[in-house]
Amino acid sequence: MSKRSRDIFLILKRFFIELFFAVLLAFMLLGTGKVTHAVVNIGGLESGMIRVVIEIIDLFFIVMAALTFGLYFLKLCHNVIRDIITFRRDSLPTEILGTKEKAEKWAIALGWWIPRKYRGDILGDIMEDCREMRKMDCGEFRIRIQVLWQWVIAVMKLVPSAIFGGIWRIFSPSK
Amino acid sequence: MKNEKIPTNREAVMLDILMNGERPGRDIRNEYESRTGHKMPLGSLYTTLTRMETSGFVTSRSGGTTPERRGYPRKFFSITGIGERALSAYQIFVVNGFGGALRHV
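Chains as they are written, first to last, in the working numbering: chain Y, 5 to 179; chain D, 47 to 151.
Errors might be hidden in some of the hints.
To be verified - Across the chosen pairs, the derived CB separations fall in these ranges:
id, chain 1, residue 1, chain 2, residue 2, range
1, Y, Lys106, D, Val141, 41 to 51 Å
2, D, Glu130, Y, Phe20, 50 to 60 Å
3, Y, Trp117, D, Glu99, 15 to 25 Å
4, D, Thr100, Y, Glu136, 22 to 32 Å
5, Y, Ala42, D, Asn55, 49 to 59 Å
6, Y, Phe168, D, Ser80, 45 to 55 Å
7, D, Arg81, Y, Glu144, 24 to 34 Å
8, Y, Phe168, D, Asn55, 40 to 50 Å
9, D, Thr111, Y, Ile85, 25 to 35 Å
Unchecked claim - Keeping only pairs whose Cα atoms sit at most 20 Å apart, straight-line, the calculated SDA-like set for lysine to any residue is:
id, chain 1, residue 1, chain 2, residue 2
10, Y, Lys121, D, Pro87
11, D, Lys85, Y, Ile157
12, Y, Lys121, D, Phe139
13, Y, Lys161, D, Met86
14, Y, Lys17, Y, Trp117
15, Y, Lys161, D, Glu79
16, Y, Lys139, D, Ser124
17, D, Lys121, Y, Pro119
18, Y, Lys121, D, Thr100
19, Y, Lys121, D, Gly117
20, Y, Lys79, Y, Met32
21, D, Lys85, Y, Glu132
22, Y, Lys38, Y, Ala26
23, D, Lys121, Y, Gly124
24, Y, Lys161, D, Thr54
25, Y, Lys161, D, Ser101
26, Y, Lys161, Y, Gly143
27, D, Lys85, Y, Glu136
28, Y, Lys139, D, Thr105
29, D, Lys85, Y, Lys17
30, D, Lys121, Y, Arg146
31, Y, Lys139, D, Asp73
32, D, Lys85, Y, Arg146
33, Y, Lys161, D, Pro87
34, D, Lys85, Y, Val159
35, D, Lys85, Y, Lys121
36, D, Lys85, Y, Met140
37, D, Lys85, Y, Cys142
38, Y, Lys121, D, Lys121
39, D, Lys85, Y, Leu34
40, Y, Lys109, D, Pro119
Derived by calculation from the structure, the hints in this document are not laboratory data. Here a beta-carbon is modelled for each residue, glycine too, at the ideal position from N, C-alpha and C.
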């Protein structure tokens, strides 16, 4: 398989996997709406105030599902454009693409969730950690778990900090 | 000394590590873990270091990269004068207790 077709395959694969999750999420929200509808209307009395409440619940979940799917889809399109740019510029380290070092591939693929300010530092440190763990004869599974754990903590800590930092920069009184 | 910020326990350990000279983020993490026995994820490390940089305790510079880092640059951190003063204020606070810190003020 040529590099070009492999790139296209990777982009399409990611697109359809994420599209599946977007649809799944939207349907889960609609399902939650149906369950809530049934719970509120447990006596089967669709009248008066209960009817109004049920209408609001239904509307709320439909809007939430539509919003979730819409935002997810926008993010998907953004991902595809970003992937095309990345592959065209050969930004993805080719020595990783050709190897079986899945932990590093995961780190790079998931790295887009880490705020740009910290991304390089964290990914570089993760790469060094992976290399060191391989030297210590750690199993591939353990290395992947380590990468995932570092990524989860990084996203949990750095994304809120970046959001609040951005908000603070906008609303803080000028010096 | 009146408006001197006292670092947190974690910040103090990291400042103490930086007293030995400029260090990259990962080295600080490794030494922190070996000194305290507590795990420090990279997310926590860089949040703390950024907070310390905002407080003026440390400064950072971007360094070169190595093949192990797959092209990602290394960031070096070093302690500032404010950081050194904050560390000594912390030591006074811890050694002499709250009363000692008040006497110092």
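Going down the list of hints, with the structure as the test:
The beta-carbon spacing between Lys106 (chain Y) and Val141 (chain D), approximately 49 Å, falls within the hinted interval of 41 to 51 Å. Taking the beta carbon of each, Glu130 (chain D) and Phe20 (chain Y) are about 55 Å apart, inside 50 to 60 Å as hinted. At roughly 23 Å, the beta-carbon separation of Trp117 (chain Y) and Glu99 (chain D) lies within the given 15 to 25 Å, and the hint holds. Between Thr100 (chain D) and Glu136 (chain Y) the Cβ separation comes to about 30 Å, which falls inside the hinted range of 22 to 32 Å.
For Ala42 (chain Y) and Asn55 (chain D), the hinted distance range of 49 to 59 Å is satisfied, since their beta carbons lie about 51 Å from each other. For Phe168 (chain Y) paired with Ser80 (chain D), a C-beta distance near 32 Å fails the hint of 45 to 55 Å. For Arg81 (chain D) and Glu144 (chain Y), the Cβ-Cβ distance of about 30 Å falls inside the hinted range of 24 to 34 Å, so the restraint holds. The beta-carbon spacing between Phe168 (chain Y) and Asn55 (chain D), approximately 23 Å, falls outside the hinted interval of 40 to 50 Å.
A C-beta distance of roughly 27 Å is found between Thr111 (chain D) and Ile85 (chain Y), which places it inside the suggested range of 25 to 35 Å. About 17 Å separates the Cα atoms of Lys121 (chain Y) and Pro87 (chain D), which keeps this hinted pair within 20 Å; it holds. Between Lys85 (chain D) and Ile157 (chain Y) the alpha-carbon distance is near 12 Å, which keeps this suggested pair within the 20 Å criterion. Distance check on the hinted pair: Lys121 (chain Y) and Phe139 (chain D) sit about 34 Å apart at the alpha-carbon level, beyond 20 Å; violated.
The straight-line distance between the Cα atoms of Lys161 (chain Y) and Met86 (chain D) is roughly 12 Å, inside the 20 Å bound, and the hint therefore holds. In summary, the hint linking Lys17 (chain Y) to Trp117 (chain Y) is supported, as the alpha carbons are separated by about 19 Å, within the 20 Å threshold. Pair hint Lys161 (chain Y) plus Glu79 (chain D) holds up; C-alpha atoms about 19 Å apart against a cutoff of 20 Å. In summary, the hint linking Lys139 (chain Y) to Ser124 (chain D) is not supported, as the alpha carbons are separated by about 29 Å, beyond the 20 Å threshold.
As the CA atoms of Lys121 (chain D) and Pro119 (chain Y) are separated by approximately 16 Å, the hinted pair is consistent with the 20 Å bound. Distance check on the hinted pair: Lys121 (chain Y) and Thr100 (chain D) sit about 14 Å apart at the alpha-carbon level, within 20 Å; holds. The hinted pair formed by Lys121 (chain Y) and Gly117 (chain D) meets the criterion: a straight-line CA distance of about 16 Å does not exceed 20 Å. Taking the CA atoms of Lys79 (chain Y) and Met32 (chain Y), the gap is about 19 Å. The hint holds against a cut of 20 Å.
With a C-alpha separation of about 17 Å, the suggested pairing of Lys85 (chain D) with Glu132 (chain Y) holds against the 20 Å cut-off. With a CA separation close to 19 Å, the supplied pair Lys38 (chain Y) and Ala26 (chain Y) stays within the 20 Å bound. For the suggested pair Lys121 (chain D) and Gly124 (chain Y), the alpha carbons sit about 9 Å apart, so the restraint of at most 20 Å is met. Proposed proximity of Lys161 (chain Y) and Thr54 (chain D) is supported: the alpha carbons are some 17 Å apart, at most 20 Å.
A threshold of 20 Å between alpha carbons decides the hint, and for Lys161 (chain Y) with Ser101 (chain D) the separation of about 18 Å falls inside it, so the pair holds. Distance hint between Lys161 (chain Y) and Gly143 (chain Y) is unfulfilled; the C-alpha atoms sit about 27 Å from each other, more than 20 Å. Pair hint Lys85 (chain D) plus Glu136 (chain Y) holds up; C-alpha atoms about 17 Å apart against a cutoff of 20 Å. Between the alpha carbons of Lys139 (chain Y) and Thr105 (chain D) the distance comes to roughly 32 Å, so the proposed pair goes past 20 Å and is violated.
Between Lys85 (chain D) and Lys17 (chain Y), the direct Cα distance comes to roughly 36 Å. Violation of the 20 Å bound is thereby established for this hinted pair. Between Lys121 (chain D) and Arg146 (chain Y) the alpha-carbon distance is near 26 Å, which puts this suggested pair outside the 20 Å criterion. Between Lys139 (chain Y) and Asp73 (chain D) the CA atoms are separated by roughly 17 Å; this keeps the pair inside 20 Å, and the hint holds. For the hint linking Lys85 (chain D) to Arg146 (chain Y), the alpha-carbon distance of about 16 Å falls within 20 Å, and the restraint holds.
As the CA atoms of Lys161 (chain Y) and Pro87 (chain D) are separated by approximately 10 Å, the hinted pair is consistent with the 20 Å bound. Taking the CA atoms of Lys85 (chain D) and Val159 (chain Y), the gap is near 17 Å; set against the 20 Å cutoff, the hint holds. Restraint check for Lys85 (chain D) and Lys121 (chain Y): not satisfied, since their Cα atoms lie roughly 23 Å apart, outside the 20 Å limit. With a C-alpha separation of about 18 Å, the suggested pairing of Lys85 (chain D) with Met140 (chain Y) holds against the 20 Å cut-off.
Note on Lys85 (chain D) and Cys142 (chain Y): the hinted pairing holds, with a Cα-Cα distance of about 18 Å set against a maximum of 20 Å. With a CA separation close to 12 Å, the supplied pair Lys121 (chain Y) and Lys121 (chain D) stays within the 20 Å bound. With a C-alpha separation of about 41 Å, the suggested pairing of Lys85 (chain D) with Leu34 (chain Y) is violated against the 20 Å cut-off. Distance restraint check for Lys109 (chain Y) and Pro119 (chain D): the Cα-Cα separation of roughly 18 Å lies within the 20 Å cut-off, and the hinted pair is therefore satisfied.
Checked against the numbered hints above, the structure breaks hints 6, 8, 12, 16, 26, 28, 29, 30, 35 and 39 and satisfies the rest.
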